[in-house]
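S.K.: Chains G and H are the protein sequences, given in the same order. If you read the first sequence in the numbering used here, its first letter stands for residue 107, the second for the next number, and so on. If you read the second sequence in the numbering used here, its first letter stands for residue 0, the second for the next number, and so on.
Derived from the structure by calculation, the hints contain no laboratory data. All clues stand as given, with none of them false.
Computed list of lysine-lysine pairs in DSS-like fashion (alpha-carbon distance at most 27 Å, straight line): (1) G/K601 x H/K396; (2) G/K395 x G/K320; (3) H/K292 x H/K362; (4) G/K410 x G/K320; (5) H/K396 x G/K597; (6) H/K239 x H/K344; (7) H/K219 x H/K362; (8) H/K396 x G/K194; (9) G/K640 x G/K657.
Just some of the chain G residues that point at chain H, by a computed CB distance under 7 Å: (10) L190; (11) N191; (12) K194; (13) F534; (14) T714.
Using C-beta positions, here's what the derived DEER-type ranges look like: (15) G/L717 x H/M312: 58 to 66 Å; (16) G/R688 x H/Q316: 56 to 64 Å; (17) H/R191 x G/N353: 32 to 40 Å; (18) H/R288 x G/R688: 55 to 63 Å; (19) H/K202 x G/N297: 52 to 60 Å; (20) G/T240 x H/D393: 55 to 63 Å; (21) H/D393 x G/E631: 30 to 38 Å; (22) H/I133 x G/T528: 37 to 45 Å; (23) G/H572 x H/P71: 55 to 63 Å.
Glycine is no exception: its CB is placed at the ideal position from the N, C-alpha and C atoms.
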Amino acid sequence: MHDSFDFDVIVVGGGHAGCEAASAAARTGARTALITHKVETIGEMSCNPAIGGLGKGHLVREIDALDGLMARASDRAGIQFRMLNRSKGPAVWGPRAQIDRQLYRSAMQGEILNHENLTVIADGVEDLMVKNDTAQGVIGESGTAYSAKAVVITTGTFLKGIIHRGAERIPAGRVGEKPAIGLAERLYALNLPIGRLKTGTPARLNGETIDWGKLEMQPADEVPIPFSYLTDQIEVPQIACGITHTNAAAHAIVAENLKRSAVYSGAIAGRGPRYCPAIEDKIYRFPEKTRHQIFLEPEGLDDKTVYPNGISTSLPREIQDAFIREIEGLESVEIFEYGYAIEYDYVDPRALDVGLQVKTMPGLFLAGQINGTTGYEEAGAQGLVAGLNAARFGRGKPHASFDRAEAYIGVLIDDLITRGVTEPYRMFTSRAEYRLSLRSDNADQRLTERGIELGLVGASRAEMFHVKQNALTDGRNKLQTLAMTPNAAQKHGWKVNQDGQRRTAWEFLAYPTISMTDISKAFPEVACLDQRTKDQLEIEAMYAGYIERQKDDVAALRREESLALPGDLDYGQVGGLTNEVRAKLEHVRPATLGQASRIEGITPGALTALLAYVRRRPSRTRANG
Amino acid sequence: MALRRDTICALASGPPPSAISVLRVSGPHVADIIAARCSLQTLKPRHATLVDLLDEKGTLIDSGLAVFMPGPASYTGEDTLEISLHGGRVITELALRSIMSAGARLAEPGEFTRRAFEAGKLDLTRAEAVADLIDAESEAQHQQALKQMDGALERLYAGWRDDLTTCLALLEASIDFPDEEDAPDRVDAPVRETLLRIDQALKDALVQGNITERIRDGFKIAILGKPNAGKSTLLNQISKREAAIVTDIPGTTRDVVEVRLTIGGYLVWLSDTAGLRETTDIVEAEGVRRAMKAADEADLRLWVYDAREDFDMSVVQPGDIVVANKSDLVAPKDVSRETLTIVAKTGEGVANLEADIISHISKMTQNLSAPMITRARHRQGIERALEYVSAARDHLKLQSGSEFVAEDVRQASRELGMLTGHIDPDTVLGAVFSSFCIGK
Ligand SMILES: Cc1cc2nc3c(=O)[nH]c(=O)nc-3n(C[C@H](O)[C@H](O)[C@H](O)COP(=O)(O)OP(=O)(O)OC[C@H]3O[C@@H](n4cnc5c(N)ncnc54)[C@H](O)[C@@H]3O)c2cc1C
Ligand SMILES: Nc1nc2c(ncn2[C@@H]2O[C@H](COP(=O)(O)OP(=O)(O)O)[C@@H](O)[C@H]2O)c(=O)[nH]1
Ligand SMILES: [Mg+2]
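So that you can see chain H by itself, here it is in the shape it has in the complex (with noise of 0.2 Å):
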């Protein structure tokens, strides 16, 4: 009995108390619970029923909907029962007890879906997508985790992989039959034609995989300028919370001090760092050099200066936001109409400064049509793929022989189905015979 696969139960919303709560069971003694611990015996499969659930000895612990999914046709595979009951803390307890002690134990974070991988319900990149919209933050994660649900990284992946396996039939069939005419005996061209197109894809993936895998994991953006010019306020102020220490002598801000906030739907990492200037202090030095540091990884840069002063353009960059901090101090007509003018202090300017932020972000992701890379295990796969490809195209070009390019062609197609967990060798043999009228 040990052997056999357990079943497992779990509370599927959020913690109580709230309104309702829905818990979760599957596997192989779900329809043994219903009979021991609901007020019906059985219940109609896919339907939503009112019952009473029960405790061991049979007491009511609280009426709810309860709904019957037998395998295979369920999230997991197998039987699953969901049952809505009013979210309080003791109700929860007492129920998930009560279906423990009829055979069940508490779920591991992640085992449902990892039982509906297990049973082929989902491939990776989707099981992957699950984990993301469940943890998702901001909309824009919200977003691209549901057309990585879809299916959307699985299509694009795949037909990447498809393309490569035409390259492989012609490598093939030019190998494997070359005695015969009607096999392809020039395959050099179509095959180039192939690989330069798989190859462009992939870089591409790469490049809009930066974008993507921001959006799932955060933009950074860096705080940068001389001591004293409001950084630290600022970031207060933008994430409303004194995350970092604010006085008025120049050099407070020693280390990067990151802060986790959503603005306008996306998730992004603000840091605030050490102000730039010379200094011989050495701990500071360290702070400044944290702080290029800082701003060479930043997605987006903030340079912030002190209104009364002046500031040396010469380190901006296309792309950068520039703001005049302190307004408050200086008569408004000596205010720049170009630059942003701000008041960290009280929050003057703050929501302007956020919608110029919100702006530069959409520009990033406005050619984003679909994902194409959302986690690092995926840009790693490409990478390696776009390798083999790479490699496949050069032994084209020293012609080096087909099957060099046809071990490369096979690898790079192996590396994608890697990532969608699809991996079938009889494929390319299938693609050759429905394409060509081979055989003597």
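Chain G on its own, in the form it takes in the complex (with noise of 0.2 Å):
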């Protein structure tokens, strides 16, 4: 079926979302364009060369389940992979690891510069063709039109992005490069609701200029836990990072100069994250804490440059030259980039749909910053989902979407799309109800046989995907059959109730006091499966009894999801409602009663009145026709 459209999808943005999209539309046999200023800063990181950690290791565990770029590409980067949260549960472990930036970067441009259905093309994208409301391709600054079915955005901080540092302004998406003015003014003509963010940056060191050897060390993992579940080893060599603290002699420079700072002097209007606070916000708001720590980062192996993470700062260069020399073991270091604050606007999300098409103009996705998030596991991930809608809306099928009991990719949409962000939104795990079963250990289980279905995942994992199947279902079904008495578990050295009950070794693997090692010892059908099997199931036993629980939980958010309210409602029709909460739902415009039901400040009350008055509708509509 030939049409006239040069490309199914085009993604503009080279960025970690862009190539997420640009991949998934391809994967799924979409013609797709990435378009970039540059191909030579396709997959740069922006900021701190880190991926992963608490919510951000599920998210890219659940990409490279759908086949997605980011899980391999780092493990080809990682220098210092370190599984968080070791101490807790599995359901809460984080895969996190310090990256390369060039290995990041030539991993991530190797994947895309070969990839199946995918085009490069270096041009920066200067407006945006529409044509019956619908966006059907872009103009490049060279002045040449690419048309396409659908168009994918991911510009990250480019709306009128400014850097500030002390007094300094410089107009600019991120150091030495142009924001994009043309495009910018093309999204601000589609009057979508626009917010503004800020969010900063640290000095850069040198690292021959660090006092090392004064600094306690953090060694990688003994043996590191790649992200994909393709990578079966770590073949890049592991660095160790320094740790130090700031002091009460930095504290007072940077006390002394707040006023100084673009972020206290007024200057900056945009909210910035809590979770990740300038150094002066941290002194400001916590005056009683006397040192702060620092995780001194190389970012790379053969760049001598040192991401100081925890002293992100928009104060002037002579006041960072000091207050960063006060601290333990950069008494006489080098800054090679001073850290400043950049603050830029973002499109308010719930102006999208849960495809991350903006529900205004059909044809047109956005993804990554744009959306008001911050990281570039955030922003793969919604790359991921709006370039695989963007391929699908060109064939003219439906959003396939991910519920939030199914994946964080799904938290991530809905609370987007429904709450809106006040602040950078980064993943956290405490955002996910359903976090217990929502593990990093088993993202191919809830979503590669998806991503299968919806074409995303290619032949080789899928054959792997069944392989691992067959051999967890294999040993699940040993587990659930083998059994012993609570006598013969006593002989073992187990303390169960010892009231006659047969209970078999997947009961026995859920209490806390007995572990898959034990019910090898005990059965040997079980020692016989191979370790990876076995520590998949440890886990699944662990969490079953909380899974089980959920059930009726998750069942009562789908029978909600499945309620569907008409994107015409008129809310003004539906009696009961406050003008308050109205304006919220008209700004939402929620798809299902599940997702008003999520919009902060929604008052049960105001679920019943809608509740009823959508039951009651077809009835009447009836009745009245």
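Starting from two chains that each stand alone, build the complex the way the hints lay out.
M.R.: The structure is reproduced here in structure tokens:
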């Protein structure tokens, strides 16, 4: 079937959202173009070169389960792998790695430049082509028009981006990049709700001028655990990071110069992230703290640049020099680049639907930091969803989405389109109400099957997945049929109720005191299962009771999700809503009753009224008609 | 038009005839109705104004005081009109008919309060209290409903939820910010302490709730004793009606007869039971079984015996009342001073007995400061919350992982949230960021 379009999908911007969007669209078979300023900056980490962490690591595993790129690229570029929260249960383990910038860029570029169905074009995008109120392509700085059935915009902080450092003001997306004026104007002309946010970054240090000998070092995990289900083993050499602290002298300098910080001089209107405060915020808001921790993170194996994690700032250069040199180990440090705060516009994501399509402009999709999020992982996850749905849009298919009980990706998108953002949005495990089932260890079991159905998952991963699934099913069956009396269990030293009830190996595993190793000793049939399968089943059994308990909640969630609210619903006609509630509903236009219930400030009373109205509507309409 | 929320009206006061009747109208058409049916076209908001109420032909129905309260500052959140007329049957009938013909319909029971709830004017416990306040038959019920309507329950439940939120903030900070020194890494001790406190508070509430539920639903008093002791006579005497059959044939009463009445400001359910004795009659035996059950479930047990006989004190438990009946048939000197004596047949001494009953009930309610649970719905929610809190405490004890503790605390908080109808997932992160300096 041939048509006059140059491409099925055009993705604008080669950052983290853009790469996943382009790859996702191309994987489903759409003829895709990725248009970005410079091919060399594809996969660039604009800030701290680290991937993963709590919630974020979960997103990376989910992207991988859907055959996305981020996990694989990280495995080829990670120089310090650490599994966070090892001391807690696996549901809240967070895989994280310090990344070598260059290795990451080349890994990502390797994927993108050799991708089936994907053309990479170096051009700045200046405008959108709109026909019949539908996005149908873009126009480059070069003047070239590129037509497509759908467009995904992933341009990061380019909307009115301004860098602040003391009294300095530089309009920019990132240092050294110019903001795209034409495209920005087009987006403003769409009259989407726009908000303003800010974020910051610390100075970059010369690692050769740091006195490492004085500092406590934090090594990588002995056995690095990869992000991707496809990676057997990490081959990149692993390094350690340094730990130091601010002190009274440094605090005094910052406190004295608070007024000169762009944040405190009143120059910045945008809201910054509470979980990533600048050092001046920390000192101002928590004056009782005498010191703050700083991680000194090398940016690469062959790169002497060091990222001092914990002291992001927008103080003037000379103040940065002064306070940083008060810090232990940094007494004579050389600063490569000074820290700054960046303020930028974002599109209120409540203007988007569950496929990340702009509700008022079919064919136009937005993903990444432009939607008010922060972080590579959040950007990548959105990119995947937007790319997938842009491709589906081109084929006339409805959006595919993931719900809150299924994936962190679902939590992310639902939070964005339902609640909007008031600070740069970052994922946390505490945002996921089904945290115990949305684990980083089982992302493939939750999502790969869906990914195969959606055409996102390639043949080799699909095959590996099925082999793994079969092994798990076999193992699970064994554990659930092998059984033992309490009396026999006691002989193995297990403390169980001597009630004469036979219990299965699976039930014994649920005891916090009985491990898979114990089970393997007691049941030789289990011992011969391979280690990965055993590990996985041990985790499953541990949470099985809770997941069973959540089934009712999940069913209730899905029931509410299945109650559709018409997109053109006239909330003025629904009685009993206060003006405030009505305004909120009109702003978000929730697609389902479930989504309505999660809008901030929607009272149970309002939901009752909405439910009653929607239930009443069809019969009344018939009666009238 | 049919889709639009309609305007409702109803007689808000008791049935006529009465001195005055209050009609209430609420909904989007109130202003139109005023313009169409009142002698004044518009009414000054929140002012009592004397108006003539007219029918559709413009004929005078009655004059009365009308108050117009524009939404959203009204009980229902909608435009509301209240008009006081003379409380005649015909007047109210005509007035309602006139208002309905101008675009209102008759309200369903509870619809005004339902609208108030839907408009977010009341939380669930307060909405329940409105119903209780109207239904109150006893002073104690009235007092309790007033406190609940004032938000006593809402505040209590919200307070527990705040404590749980604090726990969650600690737990979540330790989970989501594992690498940071500023995040609390040892959260067990403060969480354990708070959970212990909430566990105790919930248990206390359940115990106390027994009594508040009793105030709302009535105290159960069982009259017990041998056949022919005069139990049925006593029931009839206290309730002042012939509720139970009285004969001199032992074993007359076979089923439990319940009478609902108020004594000293408390609502009580007084039940007369079959006399307790060995019997071969299957119907009577079943009656005895039911009597035992009633005795078990009663909040207060009243033992009656014939003053001419001995009474076996071994059946009496602390808190029971024992009365000697038929004292008219014995010489005064033979009656023990310790026990209450009555003549059920004539009512002599029954006032003393009632005073004794009241003092027993007051003792049960004396420690009741504010209501904690007033309905089965609250009890169930609190029972479930308690289960989750206990599970969380077990996980802490077993060190099975803070994700488990957090999960149970979250569920407990949700159960309490459902009681008042307030649920907001973002509160926890808010609490985290305001308490700790986190972020690299
Ligand atoms: C100062 C700062 C500090 C940050 N600190 C952190 C941190 O510590 N940790 C963290 O996880 N995240 C951090 N972030 C956030 C993280 O960098 C972003 O969230 C993430 O990179 C967003 O991905 P993206 O794909 O949306 O945009 P980007 O990665 O910014 O990619 C946008 C791409 O679009 C291209 N582009 C823009 N306009 C056009 C156009 N008109 N035509 C063609 N191409 C265009 C750009 O060249 C770029 O390649 C920080 C961001 C900033 C700005
Ligand atoms: N003289 C006298 N007779 C009583 C009194 N109370 C009850 N009786 C009589 O005792 C008999 C049994 O009374 P009843 O109430 O049916 O006893 P019950 O079996 O305990 O319910 C009836 O004939 C009553 O009239 C009392 O106080 N004095
Ligand atoms: Mg009787």
